[in-house]
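First to last, the sequence lines map onto chains A and B.
Its first residue numbered 1, the first sequence is counted upward by one per residue in UniProt numbering.
Its first residue numbered 1, the second sequence is counted upward by one per residue in UniProt numbering.
No wet-lab data here; the hints were simulated from the structure.
The C-beta atom is built at its ideal place from N, Cα and C for all residues, glycine as well.
Just so you know, not all the hints are guaranteed correct.
Said to hold, decoys possible - Okay, the calculated bits of chain A under chain B, using three or more residues with CB under 8 Å as the criterion:
# : stretch
1 : 9-18
2 : 23-36
3 : 63-77
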Amino acid sequence: MVPEMGYLDEQFNQLEELQDESSPNFVEEVVALFLKDSPRLLSNIEQTIGKYPQDFYRLDSLVHQLKGSGSSIGAVRMKNECSVFKAHCNDRNLEGCRRSLQKMKREHATLKQKLESYFQLLRQVGPREHAVNSRK
Amino acid sequence: FCLFLGVLFYSVGRPLANHPCIYKTAASCCHLAQLIKLLTCQPNQQASAPSIPLCCLCPMSTTVQEPPHVLAVDDSLVDRVVISRLLRSSKYRVTTVDSGKKALEVLSLGHESVQLIITDYCMPEMTGYDLLKRVKESAELRGIPVVIMSSENSPARIRRCLDEGAEEFLIKPVRPSDVSRLCNRAIAAMPMR
Chain A
1 MVPEMGYLDE QFNQLEELQD ESSPNFVEEV VALFLKDSPR LLSNIEQTIG KYPQDFYRLD
61 SLVHQLKGSG SSIGAVRMKN ECSVFKAHCN DRNLEGCRRS LQKMKREHAT LKQKLESYFQ
121 LLRQVGPREH AVNSRK
Chain B
1 FCLFLGVLFY SVGRPLANHP CIYKTAASCC HLAQLIKLLT CQPNQQASAP SIPLCCLCPM
61 STTVQEPPHV LAVDDSLVDR VVISRLLRSS KYRVTTVDSG KKALEVLSLG HESVQLIITD
121 YCMPEMTGYD LLKRVKESAE LRGIPVVIMS SENSPARIRR CLDEGAEEFL IKPVRPSDVS
181 RLCNRAIAAM PMR
């Protein structure tokens with residue numbers, strides 16, 4: 001399952017705990033928001049890297065946003081890569097930033113695929129309660 | 001008059017002391033006049049009394065008080081949705097805005113209805129710290145507790161915010177336990193300001 005592969009941390013479980021009858025699909029909705037918003041951020045990051053002279057301040061700010069929303073849904077690998085990226089921005093290391101961006105794009109694509117499969121699987125196994133119990 | 005107050009306090013306060021919310025309010029309420037106001041309130045007056053926690057059932061009223069109203073400020077949509085859910089699951093009413101500027105607009109329209117402000121630190125144009133300063137500099141708003149959230153665990157930043165009057169500084173991602181703990185504390189602490 002997705003959590004054991006290290007893509008998601010405890011935060012994801014905390015979000016699942018918040019689901020109830022009034023918000024049964026809360027996690028899926030939040031994840032959908034993240035997956036809709038993050039490509040835009042990645043694209044802005046890519047554009048900013050391509051500019052000359054480099055605006056590391058803006059780059060750091062964009063990566064900070066991505067790190068924030070990623071960590072809010074428990075996307076630990078993305079969060080960690082964002083931290084590395086921010087360190088490169090701080091060092092004004094353009095090559096490091098480029099490498100980080102490529103890594104992040106790959107992480108993002110993998111995460112998206114895994115999350116989409118996860119929710120699809122949850123829908124297939126039936127009511128939310130059964131799915132949660134089977135993981136315990 | 002003091003004897004009267006003493007008798008009033010004793011006769012009304014004693015039975016009410018068993019009510020969990022009133023007891024908490026009475027314990028944190030250092031001003032006797034505020035206590036009397038709370039005990040003799042009418043529903044309409046309660047709604048307009050900004051410094052008294054509205055989390056409890058007013059003994060003199062037949063209506064249940066509304067849950068505390070929290071204003072959440074964050075420029076990230078994902079974070080607004082998460083914090084909103086966290087607060088609602090702790091039974092608070094929430095209004096979310098995406099900037100400090102909008103937060104001040106909401107507050108200018110009806111600050112009496114806001115019992116707590118929870119804001120992200122890093123926001124464009126007006127940071128959470130700037131918003132905190134504006135709130136604490138305002139005679140009307142300074143009584144509202146402000147909590148800052150940030151993904152950066154910077155002691156200097158934390159110190160700065162607490163010195164400026166922030167109730168608490170939370171490291172993101174914010175947990176359900178953080179939210180319910182701080183809301184209860186922050187709202188209960190309001191009469192002390």
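Verification of the supplied hints:
no.	hint	in the structure
1	9-18	holds (count 5)
2	23-36	holds (count 6)
3	63-77	holds (count 9)
Violated hints are absent here; each numbered hint is respected by the structure.
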